[in-house]
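From just these sequences and the hints, can you work out the full model?
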Amino acid sequence: MKISVASGKGGTGKTMIATSLAISLAAIMSEQPPLFLDCDVEAPNAHLFLHPEFIEREDVGLLIPFVDEAKCTHCGKCAEVCQYHAIAVLGQKTLVFPQLCHGCGSCTVMCPEKAISEAPDRMGVIERGPAAAGISFARGILDVGEPMATPVIRKLKRWAQPAPGQVVIYDAPPGASCPVVETVRGSNFLVLVTEPTPFGLHDLRLAVQMAGELGIPVGLIINRDNGSYPALDEFCTSQNLPVLLRIPFERSIAEGVARGQTLTDIHPEYVNHFCQVFSQIALSTSEG
Amino acid sequence: MKIILTTVSPNLDSEIDPRFGRGAYFLVVDCDTLVWEAHPNPGVDSAGGAGSLAAQFVANQKAAAAISGDFGPNAYNALRSADVEMYLFGTSRTARETVERFNAGLLERVGAPTGPGHHPRA
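Top to bottom, those sequences are chains A and B. Note that numbering that gives the first Met the number 0 numbers the first sequence so that position 31 is 30, with each residue one more than the last. Note that numbering that gives the first Met the number 0 numbers the second sequence so that position 113 is 112, with each residue one more than the last.
For the record, the hints were derived by calculation from the structure and aren't laboratory data. Note that the Cβ used here is the ideal one computed from N, Cα and C, for glycine as well. Honestly, I wouldn't trust all of these hints.
Simulated restraints, written as ranges between beta carbons of each label pair [unchecked claim]:
(1) B:Gly110 to A:Ala69: 24 to 32 Å
(2) A:Glu112 to B:Glu14: 39 to 47 Å
(3) A:Gly75 to B:Val43: 16 to 24 Å
(4) A:Pro241 to B:Glu14: 51 to 59 Å
(5) B:Leu105 to A:Ala69: 36 to 44 Å
(6) B:Gly89 to A:Asn44: 43 to 51 Å
(7) B:Gly89 to A:Arg245: 52 to 60 Å
(8) B:Val7 to A:Ser227: 47 to 55 Å
(9) A:Phe53 to B:Met0: 53 to 61 Å
(10) A:Thr236 to B:Arg92: 53 to 61 Å
(11) B:Gly110 to A:His201: 37 to 45 Å
Covered by chain A, per the in silico footprint, the following chain B stretches (three or more residues, Cβ under 8 Å) [unchecked claim]:
(12) 40-48
(13) 52-60
(14) 63-77
(15) 80-91
What follows is the structure, given as structure tokens:
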């Protein structure tokens with residue numbers, strides 16, 4: 000079972016929910032606690048709640064082209080085939096723009112002079128190790144200044160595979176663009192965390208649309224619920240979105256999270272709530 | 000001497016377009032005779048790398064100088080490799096006025112990227 004936690008809008012409580020769900024499942028699956036992947040590689044923070052000890056680490060890089068000017072005839076085939084315009088032929092010079100390159104290798108294949116070789120260009124790191132409650136933890140970190148998160152997430156997911164039967168929880172980045180799609184792709188269920196505000200609802204619509212495109216069933220957790228935003232309830236009804244859990248807008252929760260506590264640390268009854276959420280998810284995916 | 004300007008419409012009396020990679024047209028002008036031709040920017044809708052694509056277009060035209068309102072790091076490095084000089088529109092409003100000011104030596108020459116990149120890989 001693979002469950003992604005995403006939101007659309009940032010700051011709705013994805014990581015609080017994802018880590019609390021992981022702790023709750025670890026309590027009832029003590030023989031095989033879940034695998035947790037922090038896929039928010041631009042700003043990973045789940046470690047603050049799950050306290051992993053990282054014992055393995057690997058660099059992530061893209062293979063980018065290097066042009067041997069002695070062999071290059073400046074024919075321009077490489078620039079023509081590059082849909083990201085990451086390689087340009089300028090008179091008698093061929094220039095590579097590493098930050099535009101997606102590492103597809105087309106230029107290398109198309110070069111009639113075999114003047115292009117490829118070498119890895121580091122963009123981030125992935126690491127893993129055991130965490131609280133026996134949870135297996137892994138995360139990616141995008142290097143500062145690197146603009147493309149997706150390859151780090153893709154490599155993290157391939158590297159940190161679940162054991163047979165192990166539940167996986169993917170903590171997604173905010174938004175609904177490529178890095179979120181890369182995180183959520185292949186999941187059996189998507190938990191969307193939202194808040195009862197116009198921004199929350201606006202971005203929730205985008206996230207629901209994305210899940211529809213990917214064909215992944217969705218359930219909602221409404222965080223900071225103060226029961227006073229009918230537009231959100233109307234949207235849930237119109238889209239037939241199940242609300243799995245409502246977490247009240249409460250100062251004690253905010254204070255606990257700010258101290259690095261999960262919801263289950265702050266209010267232990269949430270272990271039960273999250274186990275029920277998991278049952279609902281398991282039920283809806285077995286029906287699907 | 001051949002120079003290239005970014006313009007909003009395809010003629011010498013067009014308004015200037017301040018974006019190098021995303022300008023609507025490239026106006027290729029002979030600054031001595033004012034003979035010109037306009038080309039639509041091939042990178043105007045590209046998902047990324049518009050600056051490097053535009054620079055490649057300019058280099059292929061064998062222009063001596065490019066005039067625009069903004070040269071990002073990719074465009075700047077590419078144009079410098081191609082030995083194309085870069086200038087800013089400054090207060091010019093039309094292409095014709097820009098060419099006149101260029102000929103009079105009134106345009107500011109660019110010696111470094113004028114801002115951060117706009118469309119990195121994503």
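Satisfaction of the hinted span 53 to 61 Å by the C-beta atoms belonging to Thr236 of chain A and Arg92 of chain B: 55 Å, holds
Cβ contact check, 8 Å cutoff: the stretch 80-91 of chain B against chain A, three residues minimum: holds (count 3)
For the hint 53 to 61 Å, verify it against the beta carbon of Phe53 of chain A and that of Met0 of chain B. 60 Å, holds
8 Å C-beta criterion, at least three residues: is the stretch 63-77 of chain B covered by chain A: As far as the stretch 63-77 of chain B goes, the hint holds, because 3 residues have Cβ atoms under 8 Å from chain A.
Mind taking a look at whether chain A covers the stretch 52-60 of chain B? Criterion is 3 or more residues with CB to CB distance under 8 Å. Holds: 4 residues of the stretch 52-60 of chain B have a Cβ under 8 Å from chain A.
Please check whether Glu112 of chain A and Glu14 of chain B have a Cβ separation lying inside 39 to 47 Å. 43 Å, holds
Taking 16 to 24 Å as the stated bounds, is the beta-carbon spacing between Gly75 of chain A and Val43 of chain B within them? Holds: the Cβ-Cβ distance is about 20 Å, inside 16 to 24 Å.
Does the Cβ distance between Gly110 of chain B and Ala69 of chain A fall inside 24 to 32 Å? For Gly110 of chain B and Ala69 of chain A the Cβ distance comes to about 31 Å; the hint holds.
Take the C-beta atom of Gly110 of chain B and the C-beta atom of His201 of chain A, compute their distance, and say whether it sits inside 37 to 45 Å. 43 Å, holds
Does the hinted range 47 to 55 Å hold for Val7 of chain B and Ser227 of chain A at CB? Taking Cβ atoms as reference, Val7 of chain B and Ser227 of chain A lie about 48 Å apart, which means the hint holds.
Go ahead and decide if the range 52 to 60 Å is satisfied by the Cβ distance of Gly89 of chain B to Arg245 of chain A. At roughly 58 Å between Cβ atoms, Arg245 of chain A and Gly89 of chain B fall inside 52 to 60 Å, so the hint holds.
Cβ-Cβ distance between Pro241 of chain A and Glu14 of chain B: within 51 to 59 Å? 54 Å, holds
When each numbered hint is compared with the structure, no violation occurs for any of them.
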